[in-house]
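**Q** Sequence:
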Amino acid sequence: MTSPHTSSPSSLSVAASDAVLLCQQTFRTLLDALARPCQPKALPETADSGLPLPLELALIARTLCDQDTTVWLSPSLATEAVRSWLRFHTGLMFCEAPEDAQFLLAAGLEELPELARLNQGTSTYPDRSATAIVANVHFAGPDHQTALTATGPGIRSSQPVPMPLTDGFLVQWQANHARFPQGVDCFFCGEGLVSGLPRTTVLHGQA
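So the sequence shown is residues 402 to 608, counted in this note's numbering.
Hints are computed from structural coordinates only; laboratory data are not their basis.
Since we're looking at a predicted model, the values are computed, not measured.
Built from N, CA and C at the ideal position, the CB exists for glycine as well.
Ranges of calculated distance between the beta carbons of each label pair, as one might list FRET restraints:
1) T550 to R529: 26 to 32 angstroms
2) A498 to D528: 16 to 22 angstroms
3) R529 to G492: 18 to 24 angstroms
Please put together the full structure from these sequences, using the hints given.
**A** Okay, here's the thing in structure tokens:
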């Protein structure tokens, strides 16, 4: 994950007066989410409304993407309104093939391509792999009982998985984890929150 670009002083929207600060705050939140997997973190608050894509995706894309970034949009996000907004605020490049993308923006887990199709990085440069960002996620509360837990770096003992996943995704994730140090990292976002799922995390149980 690269650092937030600060090439443009323009705001996320009229309501955001300091886009650079907003990107810096968002970037720190994303780093924290990856360092502490499956622990939802609050994204910076903004007064934005009327965006053509989920606010959390807008914040993350504005932070991570620039004119050198290739992005794939899931079917329900691949509208001209979304493309125009992203072009204007980031200058990013779109790609039709998921395997060509550095970042994948999906409106839901059901719209995310199979992880094995995505850029896995190389043994020399595993950090060049893709990052998938899934929006419209509803996070469970701290008292929610779940059979799905996570272990790995950044997790003390084990951590309940707060976002809904599918059995199919769990199978894909096991294979993704086995490819370490290569493999895909994921963010799940919604409700003003973001949760990281790095390739180092192991998922246990059933969805």
